[in-house]
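Q: Sequence:
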Amino acid sequence: MKSKKKWLASGLSLALAFSLAACSGGEKESSSEGEGNEKVELNFWAFGATGYEDLVKEYQEENPNVTIKFKSSETAEHHDALFTALSAGSGAPDIAMLEVDQFDRFKAAQDRFENLYDLGAKDVQDQYLDWKWNAGENAEGDFLFGLPTDIGPKALYYRSDVFEEAGLPTEPAEVEALINTPEAFKEAGLQVKEKTGKPFVDSIEMAYRAYLDPAVESYLNPEGEVIIDKEGSAVKKAYDYAVELNEAGIVGKFEMWSPEWSNAVNTGEFAAELGAGWLKGWMEGNAPDASGNFRVATLPTEFAANWGGSYIAIPSETENAQAAYDFVEWLVSPENQLKSFQSNGLFPSAPAVYEMEEFTANEDEFFGGQVTSEVFAKAAQDIDGAVFKGEKYFPVHNEVLNALKNVQEGADPEKEWEAAVKRSKDLVSR
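In mature numbering (1 follows the signal peptide of the UniProt record, and there is no 0), the protein residues as written are -24 to -1, 1 to 406.
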């Protein structure tokens, strides 16, 4: 799950990263405390607006022997505090939520987490999307760090009023049929620009992410080496496509989450957004004037991707591993994923939810009565696999993104690319 703020996670020092990877917690048997009537107290750290505090209360009512102290904070603050506690070898919670873009830096310290396969996770594996489940494992596939929570399948959010003004179809099925390839995406953008004078997509970052987010291999390989300049690089393909759309004049300069961007969403100053399922909730709460004007359509298959989502892990410091696991398994069950979707817009990673009546009948007034959940469910099942990110994902991502922003201000695309490659390699080698 993403918070409203930018997803630029603050990292800790390299020395701290090394200390975390090198820490050895030793072998420890999983505790079975919490079973029966024995009193158990668990600490649960989360981030963002999940609504999990309500589910915690519900679980405690059903299990009066279990007390769960729930704490939620901002994304970066949460992950840095957890990283620090794991590095120190003390102070970590019994249960911890991990955001997908942060996940790989914690995977480097496998010994600091319980293997959920040892606690019963294999019994529920078939309840979740394969790609989501597999991304929660180590490279060998024999260690499960966390159980799946929400996901962020991407779709095309578009202004039906702007599309109508441009002479484009406005019904989701017709839009999907028309904008079914990257080339068709560009052609639609050119028509919007010609007829309305408005940019098609809000920013060069969103144009870049069109090809970036689906890439199974992006900035780094498992050895931590920068691979963006290798032949056939998915990052270079994404970069070139963003440059192409920018040169065509169909890319805006609205930075996501800025006041200018928020106002542009509200008033229709651009036509489309390549957004994840969680964006829907933000729009409904923060763009009142746009109500009834937005619709959602499936993206071209080349752009099918996940952006965001989380896992729930159990740090090995816990003295109550089995009790912690029992709660986590309950928390992310299909039934409770439906509740989290209804209350906080967390899009389910359990396909059984997609068949539930409460899910399929969920008409969105903001989106003109469209059942948008069906679009995102299809998008979730179109995703081929999880993306490997690596510990230095964000620093490298920022270097390439800065290059693109410079291009949008008139800099030479190839010179900016070469400079971004060099900066990326330099920062990773430090």
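Everything labelled a hint here was simulated from the structure, so no lab data went into it.
Owing to the predicted nature of the structure, the values given are computational and were not obtained by experimental measurement.
There's no promise every hint is true.
Said to hold, decoys possible - Pair ranges (Cβ atoms, derived):
1. S234 to E394: 24 to 34 Å
2. N338 to P264: 14 to 24 Å
3. E385 to A25: 31 to 41 Å
4. E295 to E394: 13 to 23 Å
5. N197 to A153: 30 to 40 Å
6. E220 to A337: 36 to 46 Å
7. E37 to E385: 38 to 48 Å
8. L154 to Q357: 16 to 26 Å
9. E140 to N374: 35 to 45 Å
10. E140 to E231: 19 to 29 Å
Claimed, not checked - Derived pair list, reagent style DSS-like, types lysine-lysine, alpha-carbon separation capped at 30 Å:
11. K83 to K45
12. K354 to K398
13. K162 to K83
14. K83 to K213
15. K98 to K169
16. K212 to K229
17. K213 to K33
18. K213 to K45
19. K45 to K315
20. K212 to K83
C-beta: ideal position from N, C-alpha, C; glycine also.
Q: Taken at face value, is the distance from the CA of K33 to the CA of K213 at most 30 Å?
A: 48 Å, violated
Q: Is the gap between the beta carbons of L154 and Q357 within 16 to 26 Å?
A: 22 Å, holds
Q: Does the Cβ-Cβ separation between E220 and A337 fall within 36 to 46 Å?
A: With Cβ atoms ~41 Å apart, the hint holds.
Q: Does K45 sit within 30 Å of K83, going by the straight-line distance between their CA atoms?
A: 25 Å, holds
Q: Confirm or reject the claim that E385 and A25 have a C-beta distance inside 31 to 41 Å.
A: The hint (31 to 41 Å, Cβ to Cβ) holds, given that E385 and A25 are roughly 35 Å apart.
Q: Taking the Cβ atom of E295 and the Cβ atom of E394, is their distance within the range 13 to 23 Å?
A: Once the Cβ atoms are compared, 53 Å apart, the range 13 to 23 Å for E394 and E295 is violated.
Q: Taking only the CA atoms, is the gap from K213 to K45 under or equal to 30 Å?
A: 46 Å, violated
Q: Has the given pair, K98 with K169, been kept, meaning a C-alpha gap of at most 30 Å?
A: 51 Å, violated
Q: With the threshold set at 30 Å, check whether the alpha-carbon distance from K354 to K398 stays at or below it.
A: This hinted pair is violated, its Cα atoms lying about 39 Å apart.
Q: A range of 38 to 48 Å was offered for this pair. Does it hold for the Cβ distance of E37 and E385?
A: 56 Å, violated
Q: Cβ-Cβ distance between N338 and P264: within 14 to 24 Å?
A: 20 Å Cβ-Cβ, so the 14 to 24 Å window holds.
Q: Has the given pair, K162 with K83, been kept, meaning a C-alpha gap of at most 30 Å?
A: This hinted pair is violated, its Cα atoms lying about 38 Å apart.
Taken one by one, the earlier hints fail for this structure at numbers 4, 7, 12, 13, 15, 17, 18, listed in ascending order.
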